[in-house]
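Novice: Next come the chains, spelled out residue by residue.
2 protein chains.
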Amino acid sequence: MTSELLLAPSAACCATPADGAIDRDGAERVARVFKALGDPTRVRLLSLIAAAGGGEACICDLTDPVGLSQPTVSHHMKQLVEAGLATREQRGRWAYFRAVPHALEHAVATLAR
Amino acid sequence: MTSELLLAPSAACCATPADGAIDRDGAERVARVFKALGDPTRVRLLSLIAAAGGGEACICDLTDPVGLSQPTVSHHMKQLVEAGLATREQRGRWAYFRAVPHALEHAVATLAR
Chain B
1 MTSELLLAPS AACCATPADG AIDRDGAERV ARVFKALGDP TRVRLLSLIA AAGGGEACIC
61 DLTDPVGLSQ PTVSHHMKQL VEAGLATREQ RGRWAYFRAV PHALEHAVAT LAR
Chain H
1 MTSELLLAPS AACCATPADG AIDRDGAERV ARVFKALGDP TRVRLLSLIA AAGGGEACIC
61 DLTDPVGLSQ PTVSHHMKQL VEAGLATREQ RGRWAYFRAV PHALEHAVAT LAR
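Sequence order for the protein chains is B and H. For what it's worth, full-length UniProt numbering labels the leading residue of the first sequence as 1, then goes sequentially. For what it's worth, full-length UniProt numbering labels the leading residue of the second sequence as 1, then goes sequentially.
Derived from the structure by calculation, the hints contain no laboratory data. Being a predicted model, the structure only gives us computed values, none of them experimental. Take the hints with a grain of salt, since some may be wrong.
Per label pair, the in silico range of CB-to-CB distance [as the list claims (entries may be wrong)]:
1. 89/H <-> 72/B: 40 to 48 Å
2. 82/H <-> 67/B: 24 to 32 Å
3. 89/H <-> 63/B: 27 to 35 Å
4. 68/B <-> 53/H: 42 to 50 Å
5. 55/B <-> 28/H: 44 to 52 Å
6. 92/B <-> 53/H: 51 to 59 Å
For each residue, glycine too, the CB sits at the ideal point set by N, CA and C.
Whenever a hint applies, use it, and build me the whole structure from the sequences.
Specialist: Structure (structure tokens):
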């Protein structure tokens, strides 16, 4: 907001780069997806789910590989679900998670279109 | 594009749920890339650079589109450079930035292998 005051106009510079760039709303959406994966534990959790047999993992099988308690893993998984990177299904006592196909690739494509 | 990663023979064992999932070091590296893009301003900056003529943008042309001061934009750009998503070249008074080709796609492929 203060850029006009801080920036002296320069004759030496340049082409305007705004054409074709992502808009503010798109950037907000995409950043939410990337933010969810800006944590190594959540990266591992999503990778574990994607690599699980049948593409589905019970939360009971996710705690040991990341060495964290079930409430902590649940908290991380909630962020992945809210970012649209995973889905959650409660079956009896346990929650089961699946990676959403192409959700991450879609965010990348939106950024790089 | 990711076929070499997808076709790589699996190295060692195992029957754990972690089989085929990203390891801790890989998760740390990938999370650093995603964390840098977990902010809508940095998403827009990288998109602006990628969309700029010649694939290069002067910092003097990045401040207005995001409505932020040059020091603030410099701070954001530093994080993109440190994450390996952009390169920086100082030419005279101005810093010029380029997006690193396929850096983001490589992080996605590492996660999704």
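Novice: Of the numbered hints stated previously, which ones are contradicted by the structure, given in increasing order?
Specialist: Violated hints: 3, 5; rest satisfied.
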